[in-house]
Amino acid sequence: MREICASFDEIAGLRERNAIALKVAKDRGRKVVGTYCLFSPVELIVAAGAIPVSLCGTSATPIPAAEKVLPRSLCPLIKSSYGFALTDTCPFFHFSDLLLAETTCDGKKKMYELLGRMKPLHLMQLPQVQDEAALEYWVLELKRLIRRLEQAFDVKITPEKLAAAVLLLNEERRSLKALQDLLKRKPAPISGMDLLTVLHNRGFTVDKREAIGLIDRLTAELTGLSDNGFSPFTTRTPRILLTGVPVGIGSEKVVRLVEELGGSVVCFESCGAYKKVDPVLPGNDLLRSIAEKYLRVPCSCMSPNTGRLQLLEKLVQEFQADGVIDLTWQGCHTYNVESFTVKRHLQETAQVPFLQIETDYSESDTEQLKVRIEAFLEVIGTRRGGRP
Amino acid sequence: MVAAGIDIGSTGTKAVLFDGEIRASIVVPTGWDPKAAGLEAFRQALDCAGIAEGDVHSIVGTGYGRVSLPIFDRKVTEITCHARGAHFLYPETRSVIDIGGQDSKVISVDEHGRVAEFAMNDKCAAGTGRFLQVMAGVLDVSLEQLGQLAVGATPAQISSMCAVFAESEVIGLLARGADKGSIAAGIFHSIAGRIQGLAGKVTLSHRVTFSGGVALNRELCSAIGASLGVDMWVPHAPQMVGALGAAIMGFEA
Numbered sequence: 001m002r003e004i005c006a007s008f009d010e011i012a013g014l015r016e017r018n019a020i021a022l023k024v025a026k027d028r029g030r031k032v033v034g035t036y037c038l039f040s041p042v043e044l045i046v047a048a049g050a051i052p053v054s055l056c057g058t059s060a061t062p063i064p065a066a067e068k069v070l071p072r073s074l075c076p077l078i079k080s081s082y083g084f085a086l087t088d089t090c091p092f093f094h095f096s097d098l099l100l101a102e103t104t105c106d107g108k109k110k111m112y113e114l115l116g117r118m119k120p121l122h123l124m125q126l127p128q129v130q131d132e133a134a135l136e137y138w139v140l141e142l143k144r145l146i147r148r149l150e151q152a153f154d155v156k157i158t159p160e161k162l163a164a165a166v167l168l169l170n171e172e173r174r175s176l177k178a179l180q181d182l183l184k185r186k187p188a189p190i191s192g193m194d195l196l197t198v199l200h201n202r203g204f205t206v207d208k209r210e211a212i213g214l215i216d217r218l219t220a221e222l223t224g225l226s227d228n229g230f231s232p233f234t235t236r237t238p239r240i241l242l243t244g245v246p247v248g249i250g251s252e253k254v255v256r257l258v259e260e261l262g263g264s265v266v267c268f269e270s271c272g273a274y275k276k277v278d279p280v281l282p283g284n285d286l287l288r289s290i291a292e293k294y295l296r297v298p299c300s301c302m303s304p305n306t307g308r309l310q311l312l313e314k315l316v317q318e319f320q321a322d323g324v325i326d327l328t329w330q331g332c333h334t335y336n337v338e339s340f341t342v343k344r345h346l347q348e349t350a351q352v353p354f355l356q357i358e359t360d361y362s363e364s365d366t367e368q369l370k371v372r373i374e375a376f377l378e379v380i381g382t383r384r385g386g387r388p
Numbered sequence: 001m002v003a004a005g006i007d008i009g010s011t012g013t014k015a016v017l018f019d020g021e022i023r024a025s026i027v028v029p030t031g032w033d034p035k036a037a038g039l040e041a042f043r044q045a046l047d048c049a050g051i052a053e054g055d056v057h058s059i060v061g062t063g064y065g066r067v068s069l070p071i072f073d074r075k076v077t078e079i080t081c082h083a084r085g086a087h088f089l090y091p092e093t094r095s096v097i098d099i100g101g102q103d104s105k106v107i108s109v110d111e112h113g114r115v116a117e118f119a120m121n122d123k124c125a126a127g128t129g130r131f132l133q134v135m136a137g138v139l140d141v142s143l144e145q146l147g148q149l150a151v152g153a154t155p156a157q158i159s160s161m162c163a164v165f166a167e168s169e170v171i172g173l174l175a176r177g178a179d180k181g182s183i184a185a186g187i188f189h190s191i192a193g194r195i196q197g198l199a200g201k202v203t204l205s206h207r208v209t210f211s212g213g214v215a216l217n218r219e220l221c222s223a224i225g226a227s228l229g230v231d232m233w234v235p236h237a238p239q240m241v242g243a244l245g246a247a248i249m250g251f252e253a
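Quick mapping for you: the protein sequence lines, in order, are chains A and B.
Note that UniProt numbering has the first sequence beginning at 1, numbered continuously upward.
Note that UniProt numbering has the second sequence beginning at 1, numbered continuously upward.
These are computed hints drawn from the structure, not numbers from a lab.
Note that beta-carbon positions come from the ideal geometry of N, C-alpha and C, so glycine has one too.
Each hint should be verified, as a subset may be incorrect.
[Said to hold, decoys possible] Simulated DEER-style distance windows between Cβ atoms: (1) A:N228 to B:T203: 31 to 37 Å; (2) A:N228 to B:S160: 55 to 61 Å; (3) A:R344 to B:D231: 25 to 31 Å.
Using the sequences and the hints, build the whole thing.
This is the structure we're talking about:
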């Protein structure tokens with residue numbers, strides 16, 4: 001893949017290039033808002049003329065530093081995010097003028113209180129039910145964010161700017177969906193590891209239009225390769241849908257193992273991937289449309305979270321998944337508990353083999369995970385009529 | 001047509017020769033060299049059955065050491081192998097509990113011996129052979145003696161699942177004058193509780209086979225059977241089930 005696809009190389013190098021681009025933009029007076037979560041309404045940041053960037057939190061490296069403050073049994077994503085901030089090793093955190101955070105889970109909520117001592121931080125109180133009253137409240141939270149951004153950056157977020165931001169971000173979602181939908185092809189034209197690399201690095205982009213162009217070019221190149229029969233896999237390769245916690249480069253252990261052991265991750269039903277492609281739908285009240293879009297994110301912090309079950313059911317079919325792996329981080333109670341519901345739902349509707357993996361960012365359980373994942377791929381193999 | 005199954009586990013390495021029937025069944029300690037142990041078990045099995053290496057048409061490897069031998073024609077996980085081996089011994093079986101040196105698994109099996117679903121312990125050693133070894137070490141008895149001690153004793157309460165914490169808990173019990181018998185029974189009780197939790201994650205039938213070296217311990221078998229409320233089939237050589245399954249798969253390939 002890397003040798004024959006020029007756009008891939010360019011995207012693989014994005015993270016480093018963007019750190020520099022960000023500094024240049026800062027020197028020219030641009031403001032930067034760092035985000036941690038898919039619930040961050042990026043349209044408002046763009047409409048405020050600031051640059052939204054994803055913050056680091058997928059590497060095990062800063063976890064020991066974080067554990068000086070945070071409990072060891074906490075979710076590795078929270079520890080990593082905090083560790084990056086504490087050790088000042090995430091350039092995107094370093095250049096952020098404001099951090100945007102949401103009360104998605106108890107661990108993050110309390111960690112943000114500590115982060116708020118390092119940088120200005122705006123916390124959005126996220127409702128955890130997806131009904132009409134919650135939407136009213138969430139609209140108010142969006143308005144509160146608008147005021148904060150306007151005050152902090154001395155700007156005015158006009159309806160026109162907001163409309164332009166919605167167009168831009170919907171365009172970004174379109175390009176990301178098109179790329180991921182390519183993996184519906186059998187065999188998939190790109191490995192799950194390569195797709196993850198692209199999605200991860202793209203999150204750190206400074207210029208959204210440039211990034212959209214890059215993703216579209218990559219999609220076109222991959223379409224061409226796929227049309228010519230190129231794929232790292234065969235039609236026999238077990239196709240895995242990965243659901244559950246956010247995953248990125250540095251926390252890609254399970255994706256890597258699945259593909260090393262002979263599978264192919266064809267769909268990531270996670271925050272940085274398929275959950276992200278849901279657009280803002282047009283409506284009379286733009287702010288309300290934005291609020292609706294974000295509130296319907298099927299995250300396990302929502303209760304109940306039926307949207308995830310419906311999305312999974314749909315994706316299993318569309319991507320012709322042979323098996324579903326539910327990745328949960330140690331200490332992530334909502335995803336860990338919800339795994340039971342997801343398994344039961346998929347057994348009743350899709351009859352697709354299901355495996356839950358609870359792990360962290362360390363390599364300590366690699367051998368055990370190999371047994372589990374390999375046995376899971378064997379289950380898929382024998383289901384297709386192979387010998388037991 | 002003879003096939004070999006070699007199961008290189010963390011503690012024992014097992015080899016089975018199969019040609020429709022079990023022709024040889026050998027276990028050697030894995031020690032520090034899994035590769036050498038695998039070759040040694042294979043050689044002993046050949047000697048035992050009086051079969052030349054050239055007459056073995058397929059060698060299937062399983063267990064943690066399955067990566068280590070270049071002679072394997074195929075590598076299959078112990079989960080699939082235990083299901084297959086248990087199905088051969090007890091065709092009616094629909095669930096397999098396998099407790100090995102490093103991990104414990106509950107596997108649900110269909111009528112063809114295929115894995116339907118499985119659950120495996122997380123990264124710690126709770127409820128595994130290693131846990132038993134550590135506990136026997138604290139009581140300064142062998143694994144066999146640990147079983148004998150537990151006969152008829154009232155289980156002491158051992159609440160920790162972690163080998164390290166359970167060790168200090170047992171030391172505390174000894175210091176308070178608890179007798180070894182009730183501690184041994186308590187240890188089995190705590191492992192049974194752990195397996196019960198694991199079994200809850202899959203569909204468990206009442207036709208259960210208990211495999212893996214830990215099943216050699218009869219007291220533990222009855223503790224697990226009682227906590228699950230099932231009678232279990234325990235093969236006379238439960239540690240061989242994985243190697244047997246591997247050999248059968250090689251034979252049928």
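Evaluation of the provided hints:
1. The hinted range of 31 to 37 Å is not satisfied by A:N228 and B:T203, whose Cβ atoms lie roughly 45 Å apart.
2. Taking 55 to 61 Å as the suggested C-beta distance range, the pair A:N228 and B:S160 conforms, at roughly 59 Å.
3. Hint check: A:R344 to B:D231, Cβ distance near 28 Å, so the stated range 25 to 31 Å holds.
Consistency note: the structure conflicts with earlier hint 1 alone.
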